Amino acid sequence: MTTRIARLFVLGLLALASAEAFAQSPPPAPLPAWEKLTPQQREALIAPLRDRWNREPEDRPRMMERAQRWQALSPEQRAQARHGMKRFEGMSPEQRRQARALYGRMKELTPEQRAALRDQWKKMTPEQREAWMQENAPRRRPSREER
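Just so you know, the sequence shown maps onto residues -23 to -1, 1 to 124 in mature numbering (1 follows the signal peptide of the UniProt record, and there is no 0).
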C-alpha cells in the first residue's frame, strides 16, 4: 500500500511539474527601436493618431501644442510625466475629478502657494474636499457630441 501511495505521490509531482512548465510561456521578444520597425508596424502605431487628426479638426491646435511641448521636455521631465499619467490611469473617477481640479488650480499658484494648498488638502475631511471641489472645479470641456 505504501508503494502505491509513493507512486501516486511521484506521479502527482511529475504532473504538477509538467503543468508548470507548460504554463510558463517565454516572455515576448522586445520590440526594436523605431528605425528598425517595419513599415507595417509604423503604420499601425501612427494610424490612430492620423485618424484622430482627420476626425477632429477643432482639436488640431491643441494636439500640435501638446506635441511641441512634449518635444521641449527633458528626458527627466518626460519620465516624470509618464509616471504621472500612470498614476492618473490607476485612479478612480472621483480621484481623477479631484486631481483635475487640483491641477487646474495649482497651475495658477506660485510654488509657495502650491505647497500651502497641498498641506491644506491633506488636512481636509472628505466633506471639506467636496466643498473645495464645488468652489474650484475646472470648467467642463464640452463633449464631442455637444460640440
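Simulated from the structure, these hints should not be mistaken for laboratory data.
Quick caveat: nothing in here was measured; it's all calculated off a predicted structure.
Please note: incorrect hints may appear among the correct ones.
Here are the simulated PhoX-like cross-link-like pairs (lysine-lysine), alpha carbons at most 25 Å apart as the crow flies [as the list claims (entries may be wrong)]:
id, residue 1, residue 2
1, 99, 84
2, 99, 63
3, 100, 84
4, 84, 63
Restraint ranges, calculated between C-beta atoms of paired labels, are given here [to be verified]:
id, residue 1, residue 2, range
5, 29, 104, 36 to 44 Å
6, 17, 84, 19 to 27 Å
7, 97, 34, 22 to 30 Å
8, 23, 56, 17 to 25 Å
9, 4, 113, 22 to 30 Å
10, 110, 24, 14 to 22 Å
11, 2, 92, 44 to 52 Å
12, 6, 86, 21 to 29 Å
13, 23, 63, 17 to 25 Å
14, 73, 35, 38 to 46 Å
For glycine and all other residues, C-beta sits at the position ideal for the given N, C-alpha and C.
Here is how each hint holds up against the structure:
Between residue 99 and residue 84, the direct Cα distance comes to roughly 18 Å. Compliance with the 25 Å bound is thereby established for this hinted pair. Between residue 99 and residue 63, the direct Cα distance comes to roughly 22 Å. Compliance with the 25 Å bound is thereby established for this hinted pair. For a cut-off of 25 Å, the pair hint linking residue 100 to residue 84 stands: about 21 Å separates their Cα positions. This hinted pair checks out: residue 84 and residue 63 have alpha carbons roughly 20 Å apart, not beyond 25 Å.
Separation of residue 29 from residue 104 is about 40 Å and conforms to the stated range, judged on CB atoms against 36 to 44 Å. The hinted window of 19 to 27 Å between residue 17 and residue 84 is violated, with their beta carbons roughly 41 Å apart. The supplied range of 22 to 30 Å is broken by residue 97 and residue 34, whose beta-carbon atoms lie about 42 Å from each other. About 23 Å separates the C-beta atoms of residue 23 and residue 56, a value consistent with the hinted range of 17 to 25 Å.
Against the hinted window of 22 to 30 Å, the Cβ-Cβ separation of residue 4 and residue 113 comes to about 46 Å, which falls outside the hint. Distance hint for residue 110 and residue 24: a CB-CB separation of about 38 Å, inconsistent with the stated range 14 to 22 Å. A hinted range of 44 to 52 Å for the beta carbons of residue 2 and residue 92 is consistent with their spacing of about 48 Å. For residue 6 and residue 86, the Cβ-Cβ distance of about 47 Å falls outside the hinted range of 21 to 29 Å, so the restraint is violated.
Separation of residue 23 from residue 63 is about 23 Å and conforms to the stated range, judged on CB atoms against 17 to 25 Å. Take residue 73 and residue 35: their Cβ atoms lie about 24 Å apart, and the range 38 to 46 Å is violated.
Of the numbered hints given earlier, the model fails hints 6, 7, 9, 10, 12, 14; all others are met.
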